[in-house]
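Participant: Hey, can you piece these two chains together into the complex? The hints should help.
Spelled out, the chains give:
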Amino acid sequence: NAGVTQTPKFQVLKTGQSMTLQCAQDMNHEYMSWYRQDPGMGLRLIHYSVGAGITDQGEVPNGYNVSRSTTEDFPLRLLSAAPSQTSVYFCASSYSLGSGQPQHFGDGTRLSIL
Amino acid sequence: AQSVTQLGSHVSVSEGALVLLRCNYSSSVPPYLFWYVQYPNQGLQLLLKYTSAATLVKGINGFEAEFKKSETSFHLTKPSAHMSDAAEYFCAVSTNTGNQFYFGTGTSLTVIP
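Line by line, the protein sequences give chains P and Z. Residue 50 in the numbering used here sits at position 50 of the first sequence; the count goes up by one each step and never skips. Residue 1052 in the numbering used here sits at position 52 of the second sequence; the count goes up by one each step and never skips.
Just chain Z, same shape as in the assembly (with noise of 0.2 Å):
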């Protein structure tokens, strides 16, 4: 079975500075990562993606994650915050062998002016 950790249910930055949000994940088999924002009332939208390809991907909105394994981590970043980037931030782990995604409980970003 797979899971993720996010690490910091709650993240505050202020505007310009670093964005560092946690996922750590467990799988038997190679994993397929996701990343996805959530603002208020509204559904989940795909930042980016990991499907085995660069271990360095690429984003919307000046997001980025790197995959590495041996740490099992996929943490996101973005250089420098924006008061638009406020919102609900999921990790979650898929496989090719199962049926399932599996998501963590979520960071909520906030960004101080």
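If we strip away everything but chain P, and leave its shape as in the complex, we get (with noise of 0.2 Å):
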């Protein structure tokens, strides 16, 4: 009864690091997603997968990247990171956006870039 796991759940980096924030769900979800949060900017999307294979961008997609090899995992990578990117990440998945269905969240990754 996992749901959705994101690992790690706390990170500092240095400028110009590079690393990848997991995500993994259980639930056969095709959607999946990652969202930024921060203060006074609610939930910022990133890039989501409508299924294996396909990715696309969505609000701020500039210096991530994300690929979808598998139903389950949905790993988002930060190419060289800026302190701008300091954040709280969270991955999110849902059986289907047209039919209604809620979006589930992991607890977040929250990352810091020195």
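Rather than coming from a laboratory, the hints here were simulated on the basis of the structure. Some hints could be false.
Claimed, not checked - Have a look at the derived ranges for each label pair, beta carbon to beta carbon:
#1 GLN57/P x ALA1017/Z: 41 to 51 Å
#2 GLN22/P x GLN1045/Z: 15 to 25 Å
#3 MET41/P x ASN1061/Z: 17 to 27 Å
#4 LEU1007/Z x ARG110/P: 26 to 36 Å
#5 GLU1071/Z x VAL12/P: 38 to 48 Å
#6 SER1003/Z x PHE10/P: 29 to 39 Å
#7 THR1077/Z x ASP38/P: 19 to 29 Å
#8 PHE10/P x PRO1079/Z: 35 to 45 Å
#9 ILE1060/Z x THR7/P: 22 to 32 Å
#10 SER1009/Z x ASN62/P: 19 to 29 Å
#11 LEU79/P x PRO1079/Z: 41 to 51 Å
#12 PHE10/P x LYS1069/Z: 36 to 46 Å
#13 ALA52/P x GLN1045/Z: 24 to 34 Å
#14 ASP73/P x GLN1045/Z: 14 to 24 Å
To be verified - From chain Z, some residues computed to sit far from chain P (all C-beta separations above 12 Å):
#15 GLY1016
#16 ALA1017
#17 ASN1024
#18 SER1026
#19 SER1028
#20 GLY1062
#21 LYS1069
#22 HIS1075
#23 HIS1082
#24 VAL1111
Claimed, not checked - Here are some chain Z residues pointing at chain P (derived, C-beta under 8 Å):
#25 SER1009
#26 TYR1032
#27 GLN1042
#28 GLY1043
#29 GLN1100
#30 GLY1104
#31 GLY1106
C-beta: ideal position from N, C-alpha, C; glycine also.
Facilitator: Written out as structure tokens, the structure is:
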């Protein structure tokens, strides 16, 4: 009964480093997404996927890369970390947005870029 | 495109008082509407959803919301606030023609003892 699992929970990086935020779901959901949450700005969509092998950009995709090789996993890659990417990152999944299904969220990854 | 506006980034109520959190949406097609709650250092948890059935939707923890098409609103209410209701609340919209959720900027609820 894990739901959406994000790892790591906390991470500190130096400017220019790269890293991958992991996201896995065990609900056989087709739709997965990544958001960043910043004070006063709500949740902003970075990338999303409607199924294995299919990804698309959201509102704030620059500096981030994604892939979806399996239904279960949707990793988010920071190519060259910048202080502006300091944020809390949430992964979410849904059976189908088009039928009004809600998204289920992970507990988040708190990322600091020095 | 769709959008959500949450009026009031901070709301304070006394314990036992009515909670009213406002959400207005914009959508050119019939919307699906959601309220989520976020407790400190946690992810978002679904409170309730509207998907074109009953316009008055009941959720968890005693919350409910009413869909009003004429006012393009989906306000969240609870008759009597508890200390445990202190959290951040997000309204969101999606549609059957899109691939995205659109979130409001959130309302932080403080409950005063």
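Participant: Hints first: check each against the structure and report whether it holds.
Facilitator: Structure-based check of all given hints:
1. GLN57/P x ALA1017/Z: 41 to 51 Å: Because 43 Å falls inside the window, the suggested range holds.
2. GLN22/P x GLN1045/Z: 15 to 25 Å: Given range 15 to 25 Å: holds, Cβ gap about 21 Å.
3. MET41/P x ASN1061/Z: 17 to 27 Å: Because 26 Å falls inside the window, the suggested range holds.
4. LEU1007/Z x ARG110/P: 26 to 36 Å: Taking Cβ atoms as reference, LEU1007/Z and ARG110/P lie about 29 Å apart, which means the hint holds.
5. GLU1071/Z x VAL12/P: 38 to 48 Å: holds, 46 Å
6. SER1003/Z x PHE10/P: 29 to 39 Å: Holds, at about 32 Å.
7. THR1077/Z x ASP38/P: 19 to 29 Å: At roughly 28 Å between Cβ atoms, ASP38/P and THR1077/Z fall inside 19 to 29 Å, so the hint holds.
8. PHE10/P x PRO1079/Z: 35 to 45 Å: holds, 38 Å
9. ILE1060/Z x THR7/P: 22 to 32 Å: holds, 27 Å
10. SER1009/Z x ASN62/P: 19 to 29 Å: Hint holds: Cβ distance 26 Å, inside 19 to 29 Å.
11. LEU79/P x PRO1079/Z: 41 to 51 Å: holds, 50 Å
12. PHE10/P x LYS1069/Z: 36 to 46 Å: For PHE10/P and LYS1069/Z the Cβ distance comes to about 43 Å; the hint holds.
13. ALA52/P x GLN1045/Z: 24 to 34 Å: At roughly 27 Å between Cβ atoms, GLN1045/Z and ALA52/P fall inside 24 to 34 Å, so the hint holds.
14. ASP73/P x GLN1045/Z: 14 to 24 Å: Holds, since ASP73/P and GLN1045/Z (Cβ atoms, about 23 Å apart) stay within the stated range.
15. GLY1016: holds, 29 Å
16. ALA1017: holds, 26 Å
17. ASN1024: holds, 14 Å
18. SER1026: About 15 Å separates SER1026/Z from the closest Cβ of chain P, which puts it past 12 Å; holds.
19. SER1028: The claim holds: SER1028/Z sits with its nearest Cβ about 16 Å from chain P, beyond 12 Å.
20. GLY1062: holds, 19 Å
21. LYS1069: Given that every Cβ of chain P is farther than 12 Å from that of LYS1069/Z, nearest at about 16 Å, it holds.
22. HIS1075: At about 17 Å from chain P, HIS1075/Z clears the 12 Å cut-off, so the statement holds.
23. HIS1082: holds, 23 Å
24. VAL1111: At roughly 21 Å from the nearest Cβ of chain P, VAL1111/Z sits farther out than 12 Å, so the non-interface label holds.
25. SER1009: holds, 7 Å
26. TYR1032: holds, 4 Å
27. GLN1042: Holds. Min distance 6 Å.
28. GLY1043: holds, 4 Å
29. GLN1100: Given a least distance of 6 Å, the restraint on GLN1100/Z holds.
30. GLY1104: With Cβ-Cβ at 6 Å, under 8 Å, it holds.
31. GLY1106: holds, 5 Å
Checked against the numbered hints given earlier, this structure breaks none of them.
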